[in-house]
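Chains B and V are the protein sequences, given in the same order. Per the UniProt record's numbering, the very first residue in the first sequence carries number 1; after that it's consecutive. Per the UniProt record's numbering, the very first residue in the second sequence carries number 1; after that it's consecutive.
These are calculated hints, taken from the structure and not from any lab test. Bear in mind that the values here come from a model prediction, so they are computed numbers and not experimental data. For every residue, glycine included, the Cβ atom is placed at its ideal position computed from N, Cα and C. Misleading hints may appear alongside valid ones.
To be verified - Over the 12 Å line for every Cβ pair with chain V, so calculated as not near, a few chain B residues:
(1) Asn14
(2) Leu64
(3) Ser86
(4) Asn135
(5) Gln176
(6) Arg212
(7) Glu233
(8) Ala253
(9) Arg269
Stated by the list, open to error - In silico DSS-like links for lysine-lysine, alpha-carbon gap of 25 Å or less:
(10) B:Lys241 / V:Lys270
(11) B:Lys247 / V:Lys241
(12) B:Lys247 / V:Lys247
(13) V:Lys51 / B:Lys54
(14) V:Lys96 / B:Lys27
(15) B:Lys70 / V:Lys247
(16) B:Lys247 / V:Lys27
(17) B:Lys96 / V:Lys270
(18) B:Lys206 / V:Lys270
(19) V:Lys247 / B:Lys270
(20) B:Lys206 / B:Lys241
(21) B:Lys96 / V:Lys26
(22) V:Lys51 / B:Lys21
(23) B:Lys270 / V:Lys270
(24) V:Lys51 / B:Lys247
(25) B:Lys92 / V:Lys96
(26) V:Lys27 / B:Lys96
(27) B:Lys270 / V:Lys51
(28) V:Lys247 / B:Lys51
(29) B:Lys270 / V:Lys54
(30) B:Lys96 / V:Lys51
Read off the chains here:
There are 2 protein chains.
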Amino acid sequence: MSSPERRQITGFSNPTIKRLKSLREKKHRKREGHFLAEGLRILTEALDAGKTPKLLVVIEDTDLHPLAEKIEAATFAAGGEVIETSEAIIAKLSGKSNPQSIIGIYEDHPTALADIDRNASDIWLVAQALRDPGNLGTILRTGDAVGAGGLILIDDCVDPFSVEAVRASMGAIFTQHVAQAPWPDFIDWLRSGTGQLVGTSLNTDKDYQAVRYEAPTFLLIGNEAQGLPQDYEAACDVLVKMPMMGKADSLNAAVASAVMAYEVLNQRRK
Amino acid sequence: MSSPERRQITGFSNPTIKRLKSLREKKHRKREGHFLAEGLRILTEALDAGKTPKLLVVIEDTDLHPLAEKIEAATFAAGGEVIETSEAIIAKLSGKSNPQSIIGIYEDHPTALADIDRNASDIWLVAQALRDPGNLGTILRTGDAVGAGGLILIDDCVDPFSVEAVRASMGAIFTQHVAQAPWPDFIDWLRSGTGQLVGTSLNTDKDYQAVRYEAPTFLLIGNEAQGLPQDYEAACDVLVKMPMMGKADSLNAAVASAVMAYEVLNQRRK
Numbered sequence: 001m002s003s004p005e006r007r008q009i010t011g012f013s014n015p016t017i018k019r020l021k022s023l024r025e026k027k028h029r030k031r032e033g034h035f036l037a038e039g040l041r042i043l044t045e046a047l048d049a050g051k052t053p054k055l056l057v058v059i060e061d062t063d064l065h066p067l068a069e070k071i072e073a074a075t076f077a078a079g080g081e082v083i084e085t086s087e088a089i090i091a092k093l094s095g096k097s098n099p100q101s102i103i104g105i106y107e108d109h110p111t112a113l114a115d116i117d118r119n120a121s122d123i124w125l126v127a128q129a130l131r132d133p134g135n136l137g138t139i140l141r142t143g144d145a146v147g148a149g150g151l152i153l154i155d156d157c158v159d160p161f162s163v164e165a166v167r168a169s170m171g172a173i174f175t176q177h178v179a180q181a182p183w184p185d186f187i188d189w190l191r192s193g194t195g196q197l198v199g200t201s202l203n204t205d206k207d208y209q210a211v212r213y214e215a216p217t218f219l220l221i222g223n224e225a226q227g228l229p230q231d232y233e234a235a236c237d238v239l240v241k242m243p244m245m246g247k248a249d250s251l252n253a254a255v256a257s258a259v260m261a262y263e264v265l266n267q268r269r270k
Numbered sequence: 001m002s003s004p005e006r007r008q009i010t011g012f013s014n015p016t017i018k019r020l021k022s023l024r025e026k027k028h029r030k031r032e033g034h035f036l037a038e039g040l041r042i043l044t045e046a047l048d049a050g051k052t053p054k055l056l057v058v059i060e061d062t063d064l065h066p067l068a069e070k071i072e073a074a075t076f077a078a079g080g081e082v083i084e085t086s087e088a089i090i091a092k093l094s095g096k097s098n099p100q101s102i103i104g105i106y107e108d109h110p111t112a113l114a115d116i117d118r119n120a121s122d123i124w125l126v127a128q129a130l131r132d133p134g135n136l137g138t139i140l141r142t143g144d145a146v147g148a149g150g151l152i153l154i155d156d157c158v159d160p161f162s163v164e165a166v167r168a169s170m171g172a173i174f175t176q177h178v179a180q181a182p183w184p185d186f187i188d189w190l191r192s193g194t195g196q197l198v199g200t201s202l203n204t205d206k207d208y209q210a211v212r213y214e215a216p217t218f219l220l221i222g223n224e225a226q227g228l229p230q231d232y233e234a235a236c237d238v239l240v241k242m243p244m245m246g247k248a249d250s251l252n253a254a255v256a257s258a259v260m261a262y263e264v265l266n267q268r269r270k
């Protein structure tokens with residue numbers, strides 16, 4: 001099904017294709033204020049969240065999935081552009097061996113800390129110096145699942161709008177607020193209102209199930225390798241740890257966030 | 001600190017370097033029965049678990065960390081070989097921009113289903129058609145943390161001895177049993193003894209906290225995209241689901257395993 005309004009691109013060296021490819025790099029995303037999302041499932045989540053792509057890329061000469069047709073119609077309706085191109089070019093853009101057949105370019109939408117309504121949710125996730133985009137995206141996905149308001153990124157974290165983070169979020173990048181702030185700004189903002197700051201740490205004997213969490217709860221997760229800096233731990237209202245029965249002393253950062261977040265949710269729903 | 005017993009390799013085309021590099025591919029791991037592990041933390045976990053490398057690679061002309069010295073001594077004591085080479089060659093082997101400074105080759109150690117003592121632990125993790133090596137390694141790491149006996153891989157899963165899985169396991173590949181079996185073999189084995197098979201599923205309204213789990217509990221997690229096949233779900237003793245408060249209907253597979261496993265552990269320790 002070819003639509004007359006679509007633009008067809010056949011060459012790898014086309015400037016639009018080059019621009020799309022450049023969005024895999026953080027500096028180009030920052031400069032343009034746009035990011036890439038791939039795959040029907042994630043683009044559908046975006047549409048459900050009211051986000052339409054500025055630019056949509058589909059494979060030429062193939063019938064679109066009904067959900068993809070909806071996304072295309074919404075893209076046109078919002079004044080966006082739709083491009084059809086070859087599978088080979090999509091594969092090159094995607095950088096994966098099994099590339100997705102649909103790619104969207106969206107405006108990034110960071111939230112300023114000052115614009116966060118902390119009482120809009122009982123749970124907020126906070127990550128410090130997170131290095132792995134898969135972990136970041138997975139934390140966003142968990143945040144959506146537990147009804148968190150969003151994710152606040154402290155200090156130098158990996159870009160939440162990277163292709164890998166967006167993919168791991170499974171669309172939660174479109175539904176969760178994402179704010180970024182240096183630690184002093186975060187603490188100032190946090191202490192200007194209500195909120196319990198809970199740190200996960202090895203430096204405590206307090207079991208994570210022995211604490212009654214107060215809303216809104218801010219769950220603070222440290223860097224994958226180092227955990228939280230000592231003064232960040234000192235600023236927490238409470239430090240907790242999860243039982244570790246084996247040889248290792250820590251969980252994966254996304255796993256730790258999820259186990260904590262479900263404990264808070266479980267206490268609330270009792 | 002140069003040891004006289006070390007062998008020095010300076011060229012990329014050295015057969016041992018080529019062999020090391022080949023172990024990044026599954027077919028070569030299978031043929032040799034060996035796999036690569038990288039980094040001091042993981043190699044130390046291996047040593048603590050009584051596993052020494054057949055071959056250890058360190059950077060030439062640098063002082064070893066005391067823990068690395070222990071690993072080198074253990075390697076020699078067990079009749080293994082130690083190679084020193086340039087940072088450039090290690091970087092090429094590692095394929096990472098910040099390569100680890102120490103790499104070990106270990107014998108792989110799959111466990112046959114028949115050799116598993118199911119009563120050795122109250123929790124066993126079971127994953128079906130898992131595609132992502134990071135998820136697999138993270139599940140192993142969580143298994144260690146909750147005191148699971150090991151991970152049983154059903155059907156066609158990603159290789160647990162891949163570099164990415166080993167890395168994500170943070171050493172749990174050396175402490176957790178890892179078995180692989182087709183579904184019919186697994187079910188035959190499971191039903192030949194005690195054990196509650198618990199599936200996580202969207203096709204149930206039973207809350208995961210509303211079930212009293214019986215030891216040994218086998219927690220079954222499905223493929224990242226498809227979840228569990230219908231007949232696999234039908235074979236479970238109980239299907240449960242975690243509350244999903246947001247837009248998405250599922251959690252990351254490693255996150256779902258962890259939230260389930262901590263619930264089982266929490267019930268046991270009450």
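Exercise for the section: Enumerate the violated hints, using their earlier numbering and listing them in ascending order. Expected result: 4, 5, 8, 9, 11, 12, 13, 16, 17, 22, 27, 29 and 30
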